[in-house]
Structure formats: C-alpha cells, structure tokens
Amino acid sequence: MQWEVVIGLEIHVQLSTKSKIFSGASTAYGAEPNTQACTVDLGLPGVLPVFNGEALKKSVMFGLAIGAQINERSVFDRKNYFYPDSPKAYQISQLYYPIVGEGHIDIDMEDGSQKRIGVTRAHMEEDAGKSLHENFQNQTGIDLNRAGTPLLEIVSEPDMRSAKEAVAYMRKIHSIVRYLGVSDGNMQEGSFRCDANVSLRPKGQEEFGMRAELKNINSFRFVEKAINVEIERQMDILESGGTVIQETRLYDSEKNETRSMRSKEEANDYRYFPDPDLLPIVISAEEIEAIKQTLPEMPDAKCDRYMAQLGLSEKDAKALTVDRDMADYYEQVQLSINDAKMAANWILGDVSAMNNKNGLEFKDCPVNAMQLTGLLKRIKDSTISGKIAKEVFEAIYSGEGTGDESDADAIIDKKGLKQITDTGAIESIIDDVIANNPGQVAEFQSGKDKLIGFFVGQVMKASKGKANPGQVNQLLMKKLKP
Amino acid sequence: MMYNKTIAELSAGLKAGDFSSVELTQTYLERINTLDEQLNSFITVTPERALEQAKEADVQRAAGHAGLLNGIPLAQKDIFCTKGVKTSCGSKMLDPFISPYDATTIMKFNDSGAVMLGKTNMDEFAMGSSNETSWYGPVKNPWNLDAVPGGSSGGSAAAVAARLTPAATGTDTGGSIRQPASFCGITGLKPTYGRVSRYGMIAFASSLDQAGPMTRTAEDAALMLNVMAGLDKRDSTSVDEAVPDYTAHLNDGIEGLKIGLPKEFFSEGLDDAVAKVIESAIKEYEKMGAVIKEISLPTSKLAVPTYYIIAPSECSSNLSRMDGVRYGYRCDDPKDLNDLYIRSRGEGFGPETKRRILVGTYALSEGFYDAYYVKAQKTRRLISNDFHQAFDEVDVIMGPAAPSTAFNIGELTDDPITMYLSDIYTIAVNLAGLPGMSIPAGFAKNMPVGLQLIGQHFAESKLLNVAHQFQKQTDWHLKLPESFK
Chain A
1 MQWEVVIGLE IHVQLSTKSK IFSGASTAYG AEPNTQACTV DLGLPGVLPV FNGEALKKSV
61 MFGLAIGAQI NERSVFDRKN YFYPDSPKAY QISQLYYPIV GEGHIDIDME DGSQKRIGVT
121 RAHMEEDAGK SLHENFQNQT GIDLNRAGTP LLEIVSEPDM RSAKEAVAYM RKIHSIVRYL
181 GVSDGNMQEG SFRCDANVSL RPKGQEEFGM RAELKNINSF RFVEKAINVE IERQMDILES
241 GGTVIQETRL YDSEKNETRS MRSKEEANDY RYFPDPDLLP IVISAEEIEA IKQTLPEMPD
301 AKCDRYMAQL GLSEKDAKAL TVDRDMADYY EQVQLSINDA KMAANWILGD VSAMNNKNGL
361 EFKDCPVNAM QLTGLLKRIK DSTISGKIAK EVFEAIYSGE GTGDESDADA IIDKKGLKQI
421 TDTGAIESII DDVIANNPGQ VAEFQSGKDK LIGFFVGQVM KASKGKANPG QVNQLLMKKL
481 KP
Chain B
483 MMYNKTIAEL SAGLKAGDFS SVELTQTYLE RINTLDEQLN SFITVTPERA LEQAKEADVQ
543 RAAGHAGLLN GIPLAQKDIF CTKGVKTSCG SKMLDPFISP YDATTIMKFN DSGAVMLGKT
603 NMDEFAMGSS NETSWYGPVK NPWNLDAVPG GSSGGSAAAV AARLTPAATG TDTGGSIRQP
663 ASFCGITGLK PTYGRVSRYG MIAFASSLDQ AGPMTRTAED AALMLNVMAG LDKRDSTSVD
723 EAVPDYTAHL NDGIEGLKIG LPKEFFSEGL DDAVAKVIES AIKEYEKMGA VIKEISLPTS
783 KLAVPTYYII APSECSSNLS RMDGVRYGYR CDDPKDLNDL YIRSRGEGFG PETKRRILVG
843 TYALSEGFYD AYYVKAQKTR RLISNDFHQA FDEVDVIMGP AAPSTAFNIG ELTDDPITMY
903 LSDIYTIAVN LAGLPGMSIP AGFAKNMPVG LQLIGQHFAE SKLLNVAHQF QKQTDWHLKL
963 PESFK
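Residue numbers (my numbering), protein chains in the order written: chain A, 1 to 482; chain B, 483 to 967.
Incorrect hints may appear among the rest.
Stated by the list, open to error - Calculated lysine-lysine pairs in the DSS-like style (CA-CA distance at most 25 Å, straight line): (1) A:K215 to A:K164; (2) A:K466 to A:K479; (3) B:K836 to A:K79; (4) A:K79 to B:K857; (5) B:K715 to B:K565; (6) B:K758 to A:K79; (7) A:K57 to B:K857; (8) B:K860 to B:K745; (9) B:K769 to B:K944; (10) B:K745 to B:K758; (11) B:K715 to B:K745; (12) A:K130 to B:K836; (13) A:K448 to A:K390; (14) A:K461 to A:K478; (15) A:K130 to A:K79; (16) A:K315 to A:K292; (17) A:K315 to A:K264; (18) B:K715 to A:K18.
The set of hints was computed from the structure by calculation and includes no laboratory data.
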C-alpha cells in the first residue's frame with residue numbers, strides 16, 4: 001500500500017516582551033529559580049491578571065506578516081488542568097476567539113518549487129513554569145520564573161506531507177519571527193518549541209488517518225528525526241494490519257524513538273471558558289494599520305529585491321535573507337563597497353564558514369560589517385589579494401582590531417601584507433625564478449603551456465603572496481615568450 | 483455611649499477631641515473581647531495592630547492630616563488579603579495562609595487612616611447564605627442567638643449589628659452583603675460591578691463578586707464607599723469612572739422619585755410578615771412624595787438557576803489554585819502528586835464548597851458547556867435587559883432583600899435548594915452588575931427586615947440619597963439588639 005504522510009505543526013513562540021503577559025515580573029532568561037515570579041505569577045489567592053499590550057502588538061505583527069486576518073476582538077479563555085508548574089491550575093489562553101485568524105506562508109521545496117502551507121490561527125497564551133526533576137531526590141523542584149511568559153501558539157493546517165516540509169515550514173516561521181523581532185527564537189532556551197501532529201492515510205484517500213501528537217521538540221534536526229521515526233512506527237502498525245491510536249507521544253532524542261505519554265482517554269477535559277478576570281482584547285482597524293506600517297521588509301520580499309536590484313542569483317539571495325541579522329549585515333557591507341556580488345560571496349563564503357566552524361549565529365559574528373567593509377575595500381583597490389584578505393579576515397575574526405573599518409588597514413600595515421605592484425620589484429623576482437628553473441623554462445617554451453601555473457606559484461611564493469597576481473601573469477608571459 | 487455611634491458621629495468626636503482613636507479602638511476591642519464569644523463574628527482579632535494603627539492615626543490627626551475615616555475602627559471580611567495577617571476566607575484550606583500582600587481595599591483603608599480591628603467570619607469562600615459553611619463555626623444573629631446572621635458576610639453583619647465595630651466590609655456575589663444586612667438590621671451596599679477593585683479579594687465568582695460597605699447608616703456607607711471606590715490598574719474589570727463624593731447628594735429631596743416595584747418580587751415565596759414591612763416602607767416613600775409604579779422583571783425567575791451555573795463554574799476554576807502545592811492546607815504524607823491534590827483538597831474544603839466545585843466542573847465539561855454555561859450567559863443577558871427596560875420608566879427599583887427574616891441555625895442545612903432561594907431577590911442584581919442596597923425597614927416577628935433598593939449602573943449616589951432620606955424619617959437603623967446594649 002502507498003501511504004501518504006499528513007503533518008500539522010503547533011509552534012509555541014515566546015514573545016520577547018520585557019515583562020510577563022499578565023504581570024510586571026521580568027521575562028529575562030536564566031535567573032535564579034523563583035526570583036522572577038511575583039504574587040500574580042505565584043497564583044496567590046486574590047491576585048488578578050493585567051494584560052501586557054506589547055504581547056498584542058507582537059502577535060498582530062506576526063499575523064500581518066503571514067497575511068492573516070487580525071481579529072479586532074479576541075478573548076482570553078481559561079484552560080483548566082492541575083499541574084504543579086501551573087500555579088493557578090489553569091492556563092490563560094485563547095480558544096474561541098484567537099487574535100490571529102487564517103493566514104499562510106510559502107515554503108521552498110527541494111525541486112525548487114514553492115508550496116503554500118496554511119496557518120489556521122495563532123493565539124496568545126501564558127507559558128507554564130518548569131518542573132525540575134534533577135537534583136531533588138524523590139521530589140520535584142518548581143521554578144516559576146517562566147510562568148506567565150507570553151507565548152504565541154501558531155497552529156498550521158495539516159498541509160505538510162513529509163518531515164522535510166515540516167522542517168522547512170518551521171524554519172520559515174522561525175525566520176519570520178526573528179525578522180519581526182517578536183521573538184529571539186532561541187531554541188536552546190525554549191523560546192521556540194514545536195508539537196507535531198502526524199498521521200498516515202492510503203494515498204488517494206481524503207479522510208485523515210488517526211494521528212499522534214509529538215510533544216515539545218526543540219530543534220530543527222529533532223523535528224525531522226522525530227517525525228520520520230513516528231512515520232515508520234505508524235507505517236509498521238498499518239502495514240501489519242493494526243490501527244494507530246490517538247495519543248500524545250514524547251520523542252526521545254537519545255534513543256531516537258517516540259513513546260506514549262497519554263492516550264486520548266487519559267486526556268484532560270480542559271473545561272475552557274472565557275476568563276472573567278480579563279476584558280476582551282479590542283484593537284481597531286486604525287491600530288492594526290499603524291502596526292502594519294512598522295513591519296520590516298520580510299524575507300521573501302527582500303529576496304526578490306536582491307535578485308531584481310542587485311542581480312544576485314536566487315540561491316544567494318535566499319541564503320542571505322533567511323536570517324535577518326545576516327541580511328542586515330549584508331546590506332550594510334554591500335552599500336559601503338557597492339559590490340553586491342563580492343559582498344555576497346564573502347558573507348556566504350568565508351564569514352559563514354567561520355561562523356559555522358565556531359558554532360556562532362550571525363548576530364554573534366566577531367567581525368562586524370564595518371570591519372568586513374574595510375577589508376573588502378582593500379581587495380577592490382588591489383592593496384591586497386583575495387588570498388591575503390583571508391589571512392587578514394582570520395586575524396580580525398580572532399580578535400585583532402578594535403571594531404572599526406580601519407582594522408584591516410592596521411593589520412595589513414603591521415604584518416606588511418601590502419601587495420607588491422611595483423613592476424621592477426616583480427620583474428626582479430621573475431628573473432630569479434627563471435634563472436633557477438632552466439629545465440621548466442625550456443619545457444614551457446617548447447609548448448607545455450600548463451607550466452605557467454608553476455611559474456606563477458614560484459613567483460607568488462617568493463613574494464610571500466604579496467605580488468599582484470595579474471601583474472605576475474602578464475610579466476611572466478612577456479619574459480618567457482618574448 | 484461611644485460604641486453606639488455612627489462613623490459620622492465618631493469622626494466628629496475625634497475631630498472635636500472628645501476621645502482619641504486609641505480610646506475608641508480600645509472600646510471596641512473590649513466589646514469584641516467580652517461579647518463576641520456569643521456571636522463568633524470574628525475569625526481573627528488584631529488588637530496590637532489595631533492599637534498601633536490607632537496611635538498612628540492620633541499622631542496624624544495631631545499633625546493636621548486627618549481624613550473622615552482617620553482613626554475609625556473597622557472590621558474587614560476575611561476574604562480580603564491582609565499583609566502579615568491570616569486570611570482564611572472561612573476555610574480550613576487557607577487557615578495556615580498568612581497573606582504576603584494587601585488587597586487594594588485594605589490598602590485604601592490603611593491609607594485613609596482607618597483602624598482594622600480584625601477579620602470577620604464568613605461562609606467558606608463566600609459560598610453560603612447563613613454563615614454556617616464557615617470552617618470556624620456558624621455566626622449567631624445578635625437579634626436572636628438561635629438564628630443565622632445570613633451570609634456570606636454574616637460575621638461583618640453581626641459585628642456591626644452588635645456594635646462590635648462601627649462598620650465593616652463585605653462582599654456580595656449573589657446577595658452576600660444585602661441578605662445578611664437584612665437579617666441583622668443594618669445597612670449594606672453592593673456597588674456596581676467594577677466600582678470597587680477586586681484585587682486581593684479572594685475570588686469566588688469573578689464576574690459577580692463585588693465588595694461594599696456594611697454600616698449602620700447610608701451616610702456611613704457613603705463615607706466608606708468614598709474610600710473603596712475607584713479604578714485599580716491591577717484589576718482589569720474595575721471601571722474608569724469618576725468617583726464622586728458619595729455624601730454630596732444624601733440630602734437631596736426625593737419628591738417625584740419614581741419607584742418601581744417588580745411584581746415578581748411580591749409573589750409566592752415571600753413571607754407575609756416580611757411583605758407587610760416592605761409595604762409600609764413603600765408607604766413611607768409615598769409620604770415623602772415618591773411615585774410608585776408596578777413593573778415586571780419577567781426573566782428574574784431564571785436568576786437563581788442562571789446564577790447556580792455561572793457562579794459554580796467560575797468558582798470551580800478559581801479555587802483550583804488551592805492545591806496544597808504552594809500555600810494553604812496540605813495533607814499529611816502524600817503518596818504522590820495525585821494523592822497530594824486529592825487529599826489536600828478533599829480535607830481542606832467543606833461540603834458546600836465541594837458541592838459548588840462539582841456543579842461548576844460538570845457545567846463546564848466537554849459536551850455540557852453549551853447547554854449550561856453558554857445558555858446561562860444568554861439568560862444573564864436577558865435578565866440584564868429586563869432591568870434596563872425597567873429603568874426607562876423608573877429611577878429606583880424596590881422590594882424585599884430576602885423572602886424571610888433570619889431562619890434558625892441548622893434549619894436549612896440539609897436543604898440547599900431552599901437555602902439558595904433565600905437569595906432569590908438579590909441574585910438578579912449581581913447578574914446584571916447593578917448596585918443594590920439593603921436598609922432596615924422594620925421588624926417581623928421581632929426580627930429585622932431589609933428593604934432592597936436597586937439602581938442603574940453607577941447610581942450609588944442616588945441609592946444612598948434615597949436610603950438616607952428614609953433613614954431621616956425612620957429609626958429602624960438605630961435599633962440595637964437588647965443583649966448588646
């Protein structure tokens with residue numbers, strides 16, 4: 001039987017507000033347990049939530065960026081369940097009237113085409129605290145610092161047909177929230193988390209198969225692996241004539257398997273109802289329009305512009321625009337050196353390679369855009385060759401310099417890396433090379449043209465790489481084949 | 483007699499230097515000490531704190547900083563979180579709970595220079611109409627120690643009626659200020675929903691709860707409300723509506739006042755003797771020049787069933803935080819997490835609280851939500867519309883605050899439905915979010931009867947004016963139970 005995979009994702013994005021969604025406590029990550037939990041976050045008797053308007057603004061920005069309906073009236077509901085890290089024993093969320101309605105994004109497929117993935121809705125809610133099971137023998141520690149951190153839960157349509165598509169969708173959402181600055185998207189710190197609904201159906205069948213929900217998968221790599229092992233698991237069951245049961249499953253990245261957390265029967269009845277402590281959230285068309293005006297250029301639009309205005313290839317334009325930090329960096333360098341291609345090559349080449357090697361994100365790149373600009377200007381005016389430039393770049397990357405555009409110049413000066421362009425000086429090196437290699441000269445002159453590379457190499461080596469390669473070539477030809 | 487004075491009189495006495503706040507506070511502490519054993523109206527008495535506050539109030543007065551409530555002793559219902567003081571809400575569940583913060587209402591009274599004598603007894607989590615559901619035992623009615631004081635603010639009502647405090651706070655979700663005010667013969671005002679902050683007031687049913695004053699007179703209620711009312715940024719449901727001086731219109735004439743009498747409030751279920759008292763009170767208003775008009779609130783008969791869906795639904799969620807994890811009662815030696823939840827809550831909550839949590843949990847369950855909760859919200863809208871239509875024709879609606887006078891302790895404990903019906907005239911007012919009052923209107927079979935006044939949204943000034951005019955003509959509010967003289 002041919003099976004079709006059906007995947008829908010629920011992505012939880014922590015919104016980067018300074019204070020919590022319903023209290024004034026800080027949302028900063030990594031503080032001592034329970035030092036950022038106020039009376040409201042602790043769920044003391046009598047306390048009341050007060051909505052943080054920043055969370056609304058950021059949610060609306062996301063909705064507008066995916067072309068979604070923004071609901072002028074949205075309502076907070078209570079989702080009731082008991083758990084020690086849920087201090088009120090209910091989570092304030094939006095079930096019936098979410099802030100963001102239907103929207104969509106386009107993902108890139110491997111064959112170069114695009115696929116549209118529907119977003120059903122996105123709603124605001126509060127994060128729970130954390131249960132800490134380590135370091136407490138036979139007990140569980142509760143840290144409520146995270147309790148009340150604003151979340152935007154983005155629910156997709158079941159439009160994805162493979163783990164790869166799911167990852168592409170997740171990356172696209174990640175890129176969008178980072179672009180908008182509505183979330184830091186930090187997956188290690190849990191700012192961006194994903195649940196995946198996975199089911200299989202016979203190819204051609206319209207009705208969905210029974211689904212399993214994979215909980216809390218915290219990296220792009222794990223999403224792909226978790227979905228793939230779940231697909232295999234379900235396929236094994238179906239192929240052997242069994243039935244998949246509806247349940248929540250947990251992905252174990254160490255064993256690369258999913259295991260049952262709770263079945264549908266064990267699922268909570270959350271008894272949602274509108275939170276009487278909070279008024280409906282009302283936002284006018286004018287306010288939505290005002291937020292729209294603050295939206296930055298989004299990755300797709302930026303990509304198109306790089307291709308049309310700057311003449312970049314689609315591949316380069318896409319690569320440069322996935323990460324807003326990289327795109328901003330690129331634009332700054334490109335504008336300063338006025339060479340779109342050179343800036344792209346360096347940023348996608350040496351700069352990205354060094355970042356990857358050091359496990360750094362673009363925003364943490366130790367060479368800033370001004371420093372790179374200073375370096376690339378010296379290539380363009382032939383002060384140094386591309387090869388020497390790499391040496392200078394590595395020096396700046398490793399911390400030499402002060403963060404200014406003049407850093408490259410200072411390093412070139414200090415290390416004496418300035419290119420030799422004096423014809424007399426190059427000629428004298430060439431003369432030495434010719435004198436020391438009579439055999440190769442004879443071979444070359446008898447027609448072995450390839451040997452030109454050998455001579456260039458020798459001259460460059462003798463000049464410690466500083467001779468201008470173009471000049472070397474030209475002068476060599478003149479002297480060897482007069 | 484110092485203890486038999488109103489806030490207005492005591493405030494004048496303090497101002498004139500007839501006595502100090504410390505002397506006044508000592509007088510009431512002494513009365514509580516000797517008389518409350520009979521009533522059980524206080525859960526916690528805070529004499530040291532009270533005397534400290536009184537001393538400070540006297541210092542402030544000497545320095546020329548004294549508002550009208552400066553140095554006035556008050557009692558606070560034990561539903562208001564009070565920093566450093568046990569805040570039990572009448573429950574074993576919160577018996578160990580010392581609040582780390584002050585409710586907005588407590589803060590406002592502290593700022594006004596008022597003195598807190600202690601925390602008054604109440605039905606557990608404000609769920610009850612007789613004060614019999616309190617974990618701290620029932621409160622007795624000062625007019626008859628075999629009778630209940632009403633509830634849930636029964637401790638406050640009894641304490642004011644017995645002159646153990648000049649005034650107290652109460653909260654009213656379905657009648658919890660007005661019904662005990664009626665049973666104990668005092669003045670009680672439930673303001674418009676959103677008029678007084680709910681921050682720090684332990685929630686029973688969030689969309690209905692409202693705090694208000696319980697006093698001897700309408701004038702005192704106005705003085706209290708002046709302090710309590712106002713927008714609070716910590717309560718999203720508090721309303722940004724200017725706070726007038728509620729004493730400003732007390733003496734306005736009421737000639738031509740249009741009073742509506744809902745025929746549904748005078749039909750079966752109303753005790754004959756109570757009906758007679760209410761009728762004579764209405765006659766008093768006619769004498770003052772008011773115009774009486776019969777009106778109809780046809781959907782008000784749905785108020786009790788509607789309320790008993792909405793209030794338990796909200797309470798089932800509001801009380802979930804009492805889980806034995808962070809504060810309050812925790813069972814001994816829990817085996818695991820579920821055992822901790824089940825036994826802490828099973829042992830910590832009383833039967834009426836459990837009954838309402840169960841009803842609410844059921845009403846919100848998947849498959850029942852639309853049939854119960856959503857439908858109840860629709861009915862609530864209809865009930866509200868009835869009032870709005872009525873107010874097109876009349877200025878104030880009047881009727882009994884309760885269908886009977888105070889019943890005896892134990893009389894209705896096995897009959898929750900009849901118990902619930904004792905709030906039949908008050909509940910609709912909460913559902914509509916309107917302000918309501920109960921004022922002493924006379925006696926039936928030697929027990930006090932309260933006249934209920936219902937106004938439009940934010941018409942507290944009007945209600946207080948109408949109540950004050952009645953109190954100028956009558957002396958029911960001056961009556962003092964014999965054994966507390």
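Violated hints - listed by number, lowest first: 6, 7, 11, 12, 13, 16, 17
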